[in-house]
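Chemist: Sequence:
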Amino acid sequence: MTKTLKYKGSLANRNTAAQERHQIEELAYKGEQVVLDYSEVSSLSGSYADELFGVFTQRHGAQALKSTLKVKGASQAVAHAIGQAIQQRMKAHAA
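Each residue of the sequence shown is one higher than the one before, starting from 15 at the first, in our numbering.
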């Protein structure tokens, strides 16, 4: 089963990202794939990306990230922030 979560505006709060990550983790534990629709997101901060995507990757691994989360409609800047957060956490975890 797939659950789509739709976002809009500027995403910049680490605490909000942590709450959203917990929601995503709960859905993942239930076996759901989660689609994050960022088509209406204008910007996403590095701290938000780290808290949601970086921490998720650190806790569950890159394979779980790939199989659980799909990002839809992200701008190039938003996609870059997400990719950078994941890479930084993976590097730190490997060290």
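There's no promise every hint is true.
[What the hints assert, rightly or not] Label pairs and their computed distance ranges (CB to CB): (1) Gly45 with Ala91: 10 to 20 Å; (2) Gln90 with Gly45: 30 to 40 Å; (3) Ala108 with Ser53: 29 to 39 Å; (4) Met15 with Ala106: 28 to 38 Å; (5) Met15 with His36: 15 to 25 Å; (6) His107 with Lys22: 13 to 23 Å; (7) Thr18 with Ala78: 30 to 40 Å; (8) Ala108 with Gly23: 26 to 36 Å; (9) Gln101 with Ser57: 14 to 24 Å.
Since the hints were derived computationally from the structure, they do not count as laboratory data. Note that the structure is predicted; figures quoted are calculated from it, not measured. All C-beta atoms, glycine included, are put in the ideal place defined by N, C-alpha and C.
Chemist: Determine for every hint whether it applies to the structure shown.
Modeler: Comparing the hints with the structure gives:
1. The beta-carbon spacing between Gly45 and Ala91, approximately 32 Å, falls outside the hinted interval of 10 to 20 Å.
2. Checking the proposed 30 to 40 Å range against Gln90 and Gly45 shows it holds: the Cβ atoms sit about 32 Å from each other.
3. Checked against the hint of 29 to 39 Å, the C-beta distance between Ala108 and Ser53 comes to roughly 33 Å, which is consistent with it.
4. Against the hinted window of 28 to 38 Å, the Cβ-Cβ separation of Met15 and Ala106 comes to about 33 Å, which satisfies the hint.
5. For Met15 paired with His36, a C-beta distance near 19 Å keeps the hint of 15 to 25 Å intact.
6. The given range of 13 to 23 Å is broken by His107 and Lys22, whose C-beta atoms sit roughly 31 Å from each other.
7. Between Thr18 and Ala78 the CB atoms are about 19 Å apart, so this pair departs from the stated range of 30 to 40 Å.
8. At roughly 34 Å, the beta carbons of Ala108 and Gly23 sit within the given window of 26 to 36 Å.
9. At about 19 Å, the beta-carbon gap between Gln101 and Ser57 stays in the expected band of 14 to 24 Å.
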